[in-house]
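Chains as they are written, first to last, in my numbering: chain A, 1 to 290; chain B, 1001 to 1216.
What the hints contain is simulated information worked out from the structure, not anything from laboratory work. Do not take every clue at face value.
[What the hints assert, rightly or not] When the alpha-carbon atoms are kept at most 20 Å apart in a straight line, the in silico SDA-like pairs for lysine to any residue are as follows: (1) Lys111(A) / Glu12(A); (2) Lys33(A) / Ala1180(B); (3) Lys1128(B) / Cys150(A).
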Amino acid sequence: MLRTTIFSEKREVTIARDLPTILIGERINPTGKRKLATALMEGNWDYVKEMAIKQVEAGAHVLDVNVGVGGIDEAEYLVAAIKAVSEAVDVPLCIDSSDPKALAAALGSYKGKALVNSVTGEEGSLETVLPLVKQYGAAVIALCMDEHGCAVDVEGRTAVARKIIDRADRLGIPREDIIVDCLTMTVGADSKAALVTLEATSRVVAEFDVNITSGASNISHGLPVREVINAAFLAMMIAAGLTAPIVDPTAPGITQAILAADLVMGRDDYAARYIRHYRKMMKAAAARAN
Amino acid sequence: MEIFEQISNAVIEGEFGEITDLVQSALDQGIGANEVIREGLSKGMTEVGRRFREGEYFMPEVLVSAKTMNTALSILKPLLVGDTTQENVGTFLIGTVKGDVHDIGKNMVSMMMEGAGFRVIDIGVDVKPEVFVKEITEKQPDVVGLSALLSTTMISQKETIEALKEAGVRDRVIVLVGGAPVDQNWANTIGADGYAPNASVAVEKAKELLQRRPHS
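Build out the structure end to end from the sequences listed, making use of the hints.
Right under this line is the structure:
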C-alpha cells in the first residue's frame, strides 16, 4: 500500500488506506467568496489566519491555500498567504495554483514537504508542474482531465491518471507522492455523474494503489441541503478508496460523516476518534449555551 | 386558451413525455408554431426562471423543464422556416471563456434564452478571445454572453472584451458576463454592458439592454 507523507516544520501527516481519512480544508480559496477575495486584495492576513484556525479546529489535517484572484501578482500573494497560514496553524499545506511561477515561488519558500494542487494530463501542465514537484520533492494531486476536458467515462479518466503517473515515473517522482482526483461533476446536472467518479476511483486504486483525493462539494451543486449529499458521497468514496478529500470541515456534518465512514471501514479502533469528536462537539455546544 | 396553459404547465412541471402530444394538439387546432412558443413554452420557461431565481426550484428541475421545452421546439422549429410573423427577439451568442471548461451555467443561460425566444448560438467551452471575435464577426449576434466559473479565468472575460475592442466589433454587440466569481463591480471594471447573477436574470438583462440600445 502506497503511503504519502507530507509535512510542515512542526507536523507530519501520512495518507494511506489503513489510516484515518485525511481532511484537506478547502476554505482558503477566493472563488465565490467575495469577503476572502477582498481580504486578499487588501493583504488582510488576519482574516486568512482566522479561516485557517477555524478549519483546523473543525478537523482539517492539511489546508489548501489558493489566492487566485484576477489582476494580482499571484506568486507574491501565494508566498505571503503561505507565510500567514503557517504562522496561524502548524498543519502541512496544499499549494493550489494554476500559475507555474506562483507554484515555483511558493514551493521555494515553503518549509517542509507540500502537496501541490494540481497537475492535469494537459501537455502544458505536465511539462511545467511535474518538474517543479520533482525539484522541490513535493507531493502532487493529479486531476483526471486533459486538453479535451474531463473524460465522460471511467476508461477515459483512468487513462488520464495512467498518463500522469507514467510521466511522473519517468521524471523519478515516487509513485506514493501522487494523489489522484478522478473529478466530481454535480449530480444536479447529471444524475449518473457520481457513478463515473466512484468507479474510476475503484479502478485507479486497483491499478496503481495510489492515494485518492476528491473535491467532493462539487457533487451537490444546484441542489438543496448540500451537506447531506456531500456526506453520503464522501462515505461512498471512502469505501471506493478515497483517502484525502478536499472539504469544508466547518460545514455541518462533514467531519462527522468522514469519522463515521472511517469507523465503518474499520479504521477507528474502539470508535475512539468518533467518540472524541462527539465529546468535543458536545462541549462546544454547552459552551455556546452558557 | 386552455391548450397554452397546458403547454406552459407541462414545461413548468417538466413533463417531457406529454409535451409532444400537447404541441401536436395545439397544431391540430390550427394554432401557429410561433404562437405555441410565445404563449405556451416561453410563458412556462419564464415561470421556471422565476421559481429558480427565488429558490423554489433547483437545478435539476430547471434542466428537466428545459428538456421539455427542447422536445417541443424540435417539432416547432421546422415549421417556423419562412414564417415572417415570427417575433425576432434577437440572436444570442454564448461561450465559456478561455481556460475554463465549466458548462452548466452556460447551458442554463442558453436554455433560458432559447425559452425567451432568442436564437441561440453556443460556441462551447474554453473559447479563446480570437474565436469569440471570429464568431461574432461571422454570426453577428445582438447579445454575447461570456461565462467564467473560476476566479482565475474571469480575467479571460476581460481579455475577450479587449480583443473585441481591438477587432472593432465591441460596439456592435451587447456583452453580458456571468459566473460564480463575477459581480457587477467586475462587469463595470472590464467594460461589460451587464452582469447577471443567474440564468433567469440574464434573460431579463438581455431584453432590457436590447430595448435601450439605440437602433442602428
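Problem - Agreement of Lys33(A) and Ala1180(B) with the hint, judged by alpha carbon distance not exceeding 20 Å - result: 9 Å, holds
Exercise for the section: Would you mind confirming whether the straight-line C-alpha gap from Lys111(A) to Glu12(A) stays at or under 20 Å? Expected result: 12 Å, holds
Problem - Proposed proximity, Cys150(A) with Lys1128(B) (alpha carbon, max 20 Å) - result: 18 Å, holds
Violation of the numbered hints given earlier is absent; every hint is satisfied by the structure.
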